[in-house]
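Colleague: Chains as they are written, first to last, in my numbering: chain A, 14 to 164; chain B, 17 to 333.
The set of hints was computed from the structure by calculation and includes no laboratory data. For clarity, every value in this text was computed on a predicted model and none was experimentally measured. Quick reminder that beta carbons are idealized off the backbone N, C-alpha and C, glycines included. Be careful, since some hints might not be right.
[What the hints assert, rightly or not] Facing chain A, a subset of chain B residues (Cβ under 8 Å, in silico):
1. Met64
2. Leu68
3. Arg72
4. Ala167
5. Ser178
6. Thr181
7. Arg186
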Amino acid sequence: MKIRRVDGELRRQIEHEANRTYGVSDFFSSYELIISGEGRVRATTPETLQLASILKKVDSIGLYVAKYRKWGLTLSIEGSHYLCQQLKNTLELDRDDAVRWMMAAPVEARQKTSGKFVVARYHGFCMGTGVMGRDGRAYPQVPKWRRIPEE
Amino acid sequence: MEQRRITLSEQLLAFLRELPDIDLNSLIDAYSRPLPSSIRINTLKTNMEKCLSLLREDGYLLEKIPWTHYGYYVSGEENLAESIWHMLGLVYFQGPVSMLAAELLDVEPGNHVLDLCAAPGSKSTHIAQLLQASGVIVANDISVDRVKALASNMQKFGVINSIITLRDGRIFGKRYPSTFDRVLVDAPCSSLGIISKDWGVARRWSERISERISRLQLGLLLSGFDALKPGGKMIYSTCTLHPLENEAVVSELLEKRENAKLENINVEGIKTTKPVEEWRGITFHPDIGRCIRIYPYDSGAEGFFFAKIVKQDHGEA
Chain A
14 MKIRRVDGEL RRQIEHEANR TYGVSDFFSS YELIISGEGR VRATTPETLQ
64 LASILKKVDS IGLYVAKYRK WGLTLSIEGS HYLCQQLKNT LELDRDDAVR
114 WMMAAPVEAR QKTSGKFVVA RYHGFCMGTG VMGRDGRAYP QVPKWRRIPE
164 E
Chain B
17 MEQRRITLSE QLLAFLRELP DIDLNSLIDA YSRPLPSSIR INTLKTNMEK
67 CLSLLREDGY LLEKIPWTHY GYYVSGEENL AESIWHMLGL VYFQGPVSML
117 AAELLDVEPG NHVLDLCAAP GSKSTHIAQL LQASGVIVAN DISVDRVKAL
167 ASNMQKFGVI NSIITLRDGR IFGKRYPSTF DRVLVDAPCS SLGIISKDWG
217 VARRWSERIS ERISRLQLGL LLSGFDALKP GGKMIYSTCT LHPLENEAVV
267 SELLEKRENA KLENINVEGI KTTKPVEEWR GITFHPDIGR CIRIYPYDSG
317 AEGFFFAKIV KQDHGEA
């Protein structure tokens, strides 16, 4: 695995985007960020990255926390979990909507939201990013392998 | 409804009858019963109290597994595997005895830990939780497909201090000698301890499988030991009952590495059986009595073998 560290200008851009979209003031500042194909951003500790540098045949390092593309930054379920206390643009869900969210089915935004992306929250747990549609519904970006299967 | 009773081959029965201190009838009864459903609560994402309360609110019945810190038997009308809490990674399904592997490793925050045969990640995620996000867990496996499952589980569990490697575990000792504070070798095995999960294991088993796999197990154990720092600790575990895959492998390590010592294993809340000290005319290392066997009828779940090995500093008696 080729390790591409995120630092300098790219790191500033990602931090800026996290702040602009989600109100995050501390985007994994005490962690190392690395970026792999399709703009997938992973976070890990400096100690982990140091040990990884001496190992061969590394498949992956740390936690996938976000995806950074030209059109914006989306947070993974774990990325939003880590940043949950800081997130501003969130949708509080009830149980039925939380289940729908984890099925990747669109969810009606019952609160006022701003911008293209929102993060769902249920019982204090952040559940990743959804894209706001023009129909006022949020379209969750839940990967297939994390979805509750439809009956 | 009456429980179907498993029928074992003559070859397997003959082998089981040879094992000292075994209750064959109880073993066959245990093989015939399904394994209980059990979970480990992910303290990297939540705390025990909150998680238990959420699960109970959703109607799940939970009962603490006495020999674990985070394990619970679970039952309920809803399928927890398809619940929000499982999909978010707050709980991890794992056999109750399998949880002992990481529990026995004496992991401390800050340790560098190697899990040599890590997929699908049950023990690695458990180790990560014991590390409390401090230190590093290196989770290795040889199979591309199994590493995918491992990576998914580590992600879902929220492990930030992990490195996943894809290679033959037998190489670590040579490439990275004296590197890790803790090593887990949960070796591939003939799985005679988990026949309840898959009756096909009993049909497929032959003496040859155990003989062949024991060579691989020894290679992994030696490699894991060599990768251990002096003063470091290692757990060797299998979910099988064959002495060739358990006591014989550990005994050979003790012969080949003079600074390898066995530690006593004390587990509360579960009945254990003493290991096999002699098998088909071969007497194992005199310290082998420090290992433990857990039979499926002892645990009401899986059967396992555990050995706890310490790498002594040079000159340490």
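Colleague: Does B/Ser178 pass the interface check with chain A, least Cβ-Cβ distance below 8 Å?
Modeller: holds (6 Å)
Colleague: Any CB of chain A closer than 8 Å to the CB of B/Met64?
Modeller: Check failed: Cβ of B/Met64 comes no nearer than 15 Å to chain A, outside 8 Å.
Colleague: Interface hint check: B/Arg72, Cβ to nearest Cβ on chain A, cutoff 8 Å. Holds or violated?
Modeller: violated (13 Å)
Colleague: Was the hint right that B/Thr181 lines chain A, CB cutoff 8 Å?
Modeller: For B/Thr181, the interface hint holds, since the closest Cβ of chain A sits about 5 Å away, which is under 8 Å.
Colleague: Given a cut of 8 Å on the nearest C-beta pair, is the interface hint for B/Arg186 held or broken against chain A?
Modeller: violated (13 Å)
Colleague: Does B/Ala167 hold up as a contact with chain A if the rule is Cβ-Cβ below 8 Å?
Modeller: Constraint on B/Ala167 satisfied, holds at 5 Å.
Colleague: When the nearest CB of chain A is found for B/Leu68, is that gap smaller than 8 Å?
Modeller: At 13 Å from the nearest chain A Cβ, B/Leu68 fails the 8 Å test, so the hint is violated.
Checked against the numbered hints above, the structure violates hints 1, 2, 3 and 7; every other hint is satisfied.
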